[in-house]
Each structure stands twice: as structure tokens, then as C-alpha cells.
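Produce the entire structure from the sequences given, and follow the hints as far as they go.
Residue numbers (the numbering used here), protein chains in the order written: chain H, 20 to 218; chain G, 20 to 218.
Lysine-lysine pairs mimicking DSSO-like chemistry, simulated, CA-CA at most 30 angstroms apart:
#, chain 1, residue 1, chain 2, residue 2
1, G, Lys41, G, Lys107
2, G, Lys41, H, Lys69
3, G, Lys69, H, Lys69
4, H, Lys69, H, Lys41
5, H, Lys41, H, Lys107
6, H, Lys41, G, Lys107
7, H, Lys184, H, Lys107
8, H, Lys107, G, Lys41
9, H, Lys71, G, Lys41
10, H, Lys69, G, Lys71
11, G, Lys69, H, Lys41
12, G, Lys71, H, Lys41
13, H, Lys41, G, Lys41
14, G, Lys41, G, Lys69
15, H, Lys71, H, Lys107
16, H, Lys69, H, Lys107
17, G, Lys184, G, Lys107
18, H, Lys71, G, Lys69
19, G, Lys107, G, Lys71
20, G, Lys107, G, Lys69
None of these hints come from the bench; they were simulated from the model.
Number of protein chains: 2
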Amino acid sequence: MYEGVVQDLIDELGRLPGVGPKSAQRIAFHILQAEPADVRRLTHVLAEVKDKVRFCAVCGNVAQEERCRVCADPRRDPAVICVVEESKDVVAIERTREFRGTYHVLGGAISPIDGVGPDDLRIRELLARLADGSVTELILATDPNLEGEATATYLARLVSAMGLKVTRLASGLPVGGDLEYADEVTLGRAFEGRRTLDV
Amino acid sequence: MYEGVVQDLIDELGRLPGVGPKSAQRIAFHILQAEPADVRRLTHVLAEVKDKVRFCAVCGNVAQEERCRVCADPRRDPAVICVVEESKDVVAIERTREFRGTYHVLGGAISPIDGVGPDDLRIRELLARLADGSVTELILATDPNLEGEATATYLARLVSAMGLKVTRLASGLPVGGDLEYADEVTLGRAFEGRRTLDV
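See below:
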């Protein structure tokens, strides 16, 4: 509907995840009216990110050096590995400041419906990290959904003979949430995992 | 939270309209994993749009030449001008295939609260187009909200002595909508504007 290059921009923006045709149009007009310097900054950083960012040779997290910030930090405990699906999950866990071990980013979860099998994930690399027996605990922090649970179960079975502690993040009611709005599966998990209060 | 350039990209994306921190993160990771050629196409079109797109010398619509496609089309009637706020509105009206006149893009609407007065809009350019008396009808197609109505009223008064037909798009119930879900102002307008059915 738009003239040449404006329509091209709307089309390209519309290919981004979560950007529908209306948002693509709004962003395109924002860019048309924006300062050229602002747009140059965006195009520059887009190019740079493809140029500079790679994936950590150890854990698969996004990194600017050979190793990511976590793996390069000598204060982090390499004997505890927290397995997550994506780099986004690393950031979410880092934000809690609760965890002082290292990560392993799988690059997704097992999902037969999407054609993702164990071989498509960084599981071989995980087994290589476990091979020398120095790792004591593996925390399976894949998403609490069907694919994440399946992946956690698969991994737990795979390493069961290695004699390390394998844990899974607790499921339960979200803090600050309202019990009556919790879905039944979450509420069921919260019951299952109930703990004795020491008073 | 992210390493250098990844965070830069998330920040730049987050400056786009309608892109919150979560979407910015999702888009950034999409770009990290995308084919370099796809990202090059996006950066290319971003640069090109700033380079090539200008605004029509006649109506202010986005254009790739000195005149936009509508103003350059000899089949369009220059005696009828439809006044809209933005280029997006031109596209919306073009989609109806109902209108064969030309446009005038104001670049916004009068909004004292946002500090937008008549001098900030392309009103002087509109008056210049009306000066030679060849225009017979001015259709005020600004948005049916407070700012759009105020702008339409302002323009109608401004040109009232010029002896041309000034019209406003009809307000009423959206086609395919449900009467019970219409807000009272829309429903009120629909009553006001009711027409005799010829049966």
C-alpha cells in the first residue's frame, strides 16, 4: 500500500517477533520522522551485534569474548551447573542474585511438535562438561511447561548414573499472586510441595 | 543486565514506539539468531528509508519523488482535497477505493495539552493550495476524537469565507459491530446522523 521503500521497511519490521502489521507501520513512521542520528545508532548496533556477539564456548550463553561473563568470573562455582533453555533465562536468574554457580544454555527444549529433539540442543556439550566428575550439582531450570518438563526428565534420566545431585526449581504459587487466580496445575503443585513451617 | 552490545541493542529497540523491554529483548534475541543476510536487509532498508523518503511538495504525504503517488496521478481530482492528520490515514482511505480526489496531510492535530498549535501543522500550505479558487470541496477527515474534532472545527472556520464546500466524514456505528458494545458517544452520533431508508 505504501510507496516502495516505506513498504519494504514495514515488511521487514513485520518479520520481527511480536511485531504485527499495525506496529510495523507505527515503527516505520516513527523512523521516518526520527532524527537521522537516532536511526544510524540503531542500524549501527544491529550490524555490530551480528558482528561481535558470539556464544560462550563453555556454556552457550551470549558472549562478547570466548567465554561469557559468568564463565569468565573466577568467583563463580563451576561445580554447580544450572541448565536453562535460553540466554534470557540466565539474565532472569542473575537478577535474583541467588545463584553463584555457572550455567548451561541448551538453546531450547525438547518439543516433538516443533521438530526439536535432544540432538538439536546443546546436550552433548553438557555431557562433556560433566565427564571429568568435578560437577556436583545439576539444577534443571528449564521452563515449567510441557516441553521444559520433558527436557528436565530426559536430562535427569541421562545423567542418573553419574552420581551427581540433580535438582529442579520448585513449582508453586507466584509470590505476590492471588490464590484464587492460580490455575489448578500450579495450585496442585503448590500443595504437593508444601513445607512444614518451623514456628 | 546483558553484555555490552546486546544491551545496547535492547535499549535501542526499546526506544521504538510500542516496544516494551520484554519485546525489545525478544526481538534482540531473534536478531542474534537470525541469518546475517536477514539482518543486513533490515539495516539496509532502515538506512534507505531515511535516505530516499521525503514528503510530497504538494500534500505532505510520504513520497519517493517530489510528488507522492496520489498527487502525481493525473486521474486524481485536484479540486477535491481530503485533509488528514497522518500519511497512515491516506493509506487507510486509499484502501477503501472510494476517493478519487487528492489529500493534504497536516502532520498531526491541534492539541494544546501536547503543545501542538495550528502553526505546527501544515495549515499554511493548505491555505496556499486553496488560494487560486480551483478547489471545490474540502473533506475534513481528521480523527473522530477531541483533537481531530477541534482541528476540523478550526479549519472549517478558517476557510468559511472562501465559498467552498466543507464536509466531515460521518460518525456512527462501525459496520459489522455490535450495537450493545458501542460507546454512548458513538451511539449518540449514530442517532443524530440517522437517515431515511428508501424502501
